[in-house]
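Undergrad: Listed in order, the protein sequences are those of chains A and B.
So the first sequence is numbered by this note's numbering: it starts at 1 and just counts up by one.
So the second sequence is numbered by this note's numbering: it starts at 1001 and just counts up by one.
Hints should not be assumed to be uniformly reliable.
To be verified - According to the in silico footprint, chain A covers these stretches of chain B (three or more CB under 8 Å from chain A):
# : stretch
1 : 1047-1055
2 : 1066-1073
3 : 1105-1111
The hints are simulated quantities; they were obtained by calculation from the structure and are not laboratory data.
Just so it is clear, CB atoms sit at the ideal spot from N, CA and C, and this is done for glycine as well.
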Amino acid sequence: MDEQVLVQEAVSGNLDAFNRLVLEYQSLAFNVAYRILYDAELAEDATQTAFISAYKNLLKFRGGSFKAWLIRIVTNACYDELRRKKRQPTTPLEPLSDETDEEMESPSWLADDSRSPEEITEQAELEYAVQHCLENLPEDYKLIVMLVDIQGFDYSEASKVVQRPLGTVKSRLARGRMKMQDCLQGFWELLPAIFSLKDEGNQ
Amino acid sequence: MKTKPITFRQMKILSCYLDGQLNLRQAAKLEKRLAQDSTLREKMLQMRQMRHLVCQLKPKVTQRNFMLKPEMVAAFRKLSPASRWLPALSYSTLAVAVMMVGAIVGQFIPMAKMASETPVEMAVRAPIMELEDAAVSSEAEFPLQLISWGNATATTYDAYTRGGVGGLGEGKGGGGAGLTTNADIALIGPPAQVTNSSGVTGFTLIIPRADTAAESKQPPDAIRSAQLGSFTVFDSGPILGLRISNEAEVPRAEEPVPMKSTQQFPWLVVGLGGLTLLLGGATFILWLKTRSA
C-alpha cells in the first residue's frame, strides 16, 4: 500500500496502518539511534520512544516525507536520551560468561551469526574506526555524515531531518567528511585491505 | 602541475560531485580542473576512500519489534486526562497572570495621570468646600481663602476687596456678581487677557498669603509683591477649590467621579497573585508528570 495512504489511515487512528509504517522504518530508525547513542539497548529504547511519540503526534504531521519526519523524532529522542544519560551517568553491566562467570567484553547478542569469524573481526575493526571518528565529530556534522554516508539519505531528506537549508547541509557534510578523512588517516594501516578503494571496483 | 592549497569551497564542490549533486556544467568545469590539478585529484581520491569506507559499515540488526500494541496505546491514552488538563491549566494561569499584571498596572495609572494633570484639571478633582464650611474653617489658625465669583468679565480692573473673617465682601465695580472673598485678593490689571487654543479669554488671578492678610490694607502694589502665585483662569468655573457662586447652592448634576484605583482593593492583587501561583504550580506538576510519562 502507498505510504501516504498508510499515513492517512494512521492519522485517522488505524493502529495497523501505523504498525506497517513501523515495520517499514524500524530498522532505519534503530540504526540511526544506534549511530547516535552507540549503545544497542539505549538505541532500542530510544527507537521505541520515538515510535510512540510519532503515533501520539501523528496529527502534527503536515505531509511531505514521513521518513524524514520520523527520523527527526528518532534523533530528538536520542538527544533526549543523551542528555538524560549525561545527567545520570551509569556503568553498563557486561553479561557474565556461563563457563567462567567472568564478564564478556564482546557481548554475543550483538554478533551477527550469519558471518564468518574473520568477517566479524574485520567488521568490528571498521566499526570501531568509523564510530570512533564519528564520535569525535561535532554533533551537527555527525548527524549529516551519518544520514548521508551511512544511512544513504539524499541531501533534501537530510535537510528535512535536520531542518536546515540545503546549502547548510552541503557545507556541514563537506566539513564533516574532511574531519572524518583526517581522523580515519590514523586507521588506514590498521584496517583490512578489503576496505580499500581498490576493492570498490571489484565489488 | 598546480599545487595551490585546496579551499573549503573546492572541498564542498568535491563533496557534492561525489554525491552527484552538481549540474552538468559545474561537473564539467570540476573535471577539467581535476585533470590539471593533482592536489585536487588527490583530495578527491581521499574523500572517495573515506566515503567508501563508511559505506562498508553493515547495518545493525535488532531482534526487537517496535510495533505498537493496542495495550500500549491504551496505556498512554490513560495518561491523556493529564494531557487534556495541561493546556486548560496553562491558559488559565496565563489569563490570571495577565489580570494580575493589569491590576498592578491599574494602581499606577491614576497616580501617573494626576502627576500629568494641569492645575485646572486638579481643581476639578479637588474637594469642593461650601460657603457654610468656609465660615467654620475661617476660624482656624490659617483661614481658608475662599473665593467665589459669578462672571469673570464683571470683575473690574484693579478690584481690591477686603472681607472680614467669616464675612464676605463684594468687589468694587463688579456689581452683585463681582468677585467676593473672605481674604485679601487682587486682580492685577489690566487683567492679562490671555486667550487659549479654544479662543476662550481669561485673566490672571492673584491670591496673597494668609499671613500677609493683616497687611492687606496696603495698596494693591504691595500685595502684588506678597503674592503667593498667579494662574490664568479661562471663562468662569471652579478653580483650585473655588466654584462659581451661582453653582454653590445648586447640586451638580455631573459631579466628577473620583478615579478608583486598585490601591483601594489590595486584596484583588493578592488574590490574583495567589491564584496565579496555585495554577502555575499545578500546571508545572502536571507538565512534569506528562513529561516523565
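Undergrad: Now look at each hint and say whether the structure bears it out.
TA: Each hint, compared with the structure:
1. 1047-1055: Held - the stretch 1047-1055 of chain B has 9 residues with a Cβ nearer than 8 Å to chain A, which meets the minimum of three.
2. 1066-1073: holds (count 6)
3. 1105-1111: This one is violated; 0 residues, fewer than the three required, reach chain A with a Cβ under 8 Å.
Violation of the numbered hints given earlier is confined to hint 3; every other hint is satisfied by the structure.
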